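*Asks:* Read off the chains here:
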Amino acid sequence: MIYSERFSISTEGECQIVDLSEKIRKTVAKSKIRDGLACVFIPGATGAITTVEYEPGLLKDLPAALERLFPKGIEYAHHQTWHDWNGHSHVRASMIGPSITIPIIKGDLQLGTWQQVVFIELDIHPRRREIVVQLVGE
Amino acid sequence: MIYSERFSISTEGECQIVDLSEKIRKTVAKSKIRDGLACVFIPGATGAITTVEYEPGLLKDLPAALERLFPKGIEYAHHQTWHDWNGHSHVRASMIGPSITIPIIKGDLQLGTWQQVVFIELDIHPRRREIVVQLVGE
Amino acid sequence: MIYSERFSISTEGECQIVDLSEKIRKTVAKSKIRDGLACVFIPGATGAITTVEYEPGLLKDLPAALERLFPKGIEYAHHQTWHDWNGHSHVRASMIGPSITIPIIKGDLQLGTWQQVVFIELDIHPRRREIVVQLVGE
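Going down the list, the protein sequences come from chains D, S and A. Numbered per the numbering used here, the first sequence spans residues 10 to 147. Numbered per the numbering used here, the second sequence spans residues 10 to 147. Numbered per the numbering used here, the third sequence spans residues 10 to 147.
Worth flagging that the hints you see were computed from the coordinates, not collected in a lab. Accuracy of the hints is not assured; some may be wrong.
Just so you know, same-sequence chains aren't split out, so a pair can sit in one copy or run between any two.
[What the hints assert, rightly or not] Only pairs whose alpha carbons sit at most 27 Å apart, straight line, appear in this in silico DSS-like list of lysine-lysine:
#1 K81 with K39
#2 K81 with K69
#3 K115 with K32
#4 K69 with K41
#5 K41 with K115
#6 K39 with K115
#7 K32 with K69
#8 K81 with K32
#9 K35 with K115
#10 K41 with K81
#11 K39 with K69
Because the structure is a prediction, the values reported are computed rather than measured.
Produce the complete structure using the sequences and hints provided.
*Replies:* Below, the structure is given as structure tokens:
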């Protein structure tokens, strides 16, 4: 059994972290899938999907680490192609990755208690994003 | 066909890297699944799953890289929320990711010869961990 | 329904980034799977799979970031085990990860318009690589 859902979110700008857990849990409930896998995917090369404990401190710490490791202010060859000044966004997205796959057992997404599935907006402007959730199971 | 297994491991402390390959291979054998996917997932926001050549040198190199990129000694806003001093653990976990998905073909997990599936304990204390292995296939 | 494909690529050397999207699309078309998941996996501990906008600038920016974060020139304990001087390759591969899972809906791989699935050769020599694509769906 396969169940697909797409939902839209509007991000407010660079490094906003959006908690998707509730929407994914609702998708699992609607699907009637009891056991299987949930794949959460962002179609696009300047956003990322991962998990994090969704609390205000880490919503600052994760962007701070990204800025330390992949600074905005350095040269990116990407800018010579498109002049859109988001080379760092692309590099960050490729390093974190665009998807995550989570087991579903007895109707429950197997996340830890303090672990949320998040989308990280890495582009430099607010954007409308479509998240794809694909469930495979029975 | 879906086959679920959870197994517990006890970690000895920060940056211990535990080879899970043998346990996953046994799970595949028990499941009778010949072709499909194996998803290995850590429920929890201070551990990570990836692959590595499991040899003593890299068990030092990987922690050294994590300390260089996400140092313990710097300020993390996470500490103001919980005072548990593991902000770096959370950031590292989000960057590596909590899961990995591996093809199974003719009963074999498609790992390279020198490639092992590992759990990385990123929290600052030894912990009891539950690893979830979810197989989907036929 | 499960559909497996392996294809070989020859890489030209360190940090070459190879666009796999067309080959994966053809695999999806051949499989007749309309809805499901595509898992792309590299068996081997010195290569990685991710997505990126495949344009000449980022093909320089991603290797530059890897060299900045995981330099070739520093000491790696891995070298004391094998004397093969690719410790940085292994660490980079574990951080990016060996696989990616992408939803398939109505026969379409759900990539963004400017998002390609890529293999990154992280080893220090040109190599022959086998990429595994595993489709699960209906």
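*Asks:* Against each hint, give a clear statement of whether it holds in the structure.
*Replies:* Here is how each hint holds up against the structure:
In this homomeric assembly, K81 and K39 never come within 27 Å of each other (Cα to Cα): the closest approach is 41 Å inside a single copy and 42 Å across copies. In this assembly of identical chains, the alpha carbons of K81 and K69 lie at most 27 Å apart whether taken from the same copy (16 Å) or from different copies (16 Å). Taking CA atoms no more than 27 Å apart as the test, K115 paired with K32 passes in both settings, with 18 Å inside one copy and 22 Å between copies. In this assembly of identical chains, the alpha carbons of K69 and K41 never lie at most 27 Å apart, being 36 Å within a copy and 45 Å across copies at closest.
Proximity of K41 to K115 under the C-alpha cut-off of 27 Å is found in both arrangements, the shortest distances being 10 Å within a copy and 20 Å between copies. Proximity of K39 and K115 under a CA criterion of 27 Å is satisfied in both settings, with 14 Å inside one chain copy and 20 Å between copies. When the C-alpha separation of K32 and K69 is checked against a cutoff of 27 Å, the pair qualifies only within one copy, where the shortest distance is 23 Å, while the shortest distance between copies is 37 Å. Taking the closest pair of Cα atoms, K81 and K32 never come within 27 Å of each other, the shortest separation being 31 Å inside a single copy and 34 Å across copies.
Taking the shortest Cα distances, K35 and K115 sit within 27 Å of each other both inside one copy (14 Å) and across copies (22 Å). When the C-alpha separation of K41 and K81 is checked against a cutoff of 27 Å, the pair qualifies neither within a copy, at 44 Å, nor between copies, at 43 Å. For a Cα distance limit of 27 Å, the shortest separation of K39 from K69 qualifies neither inside one copy, at 33 Å, nor across copies, at 44 Å.
Violated hints, in rising order: 1, 4, 8, 10, 11; the structure is consistent with all others.
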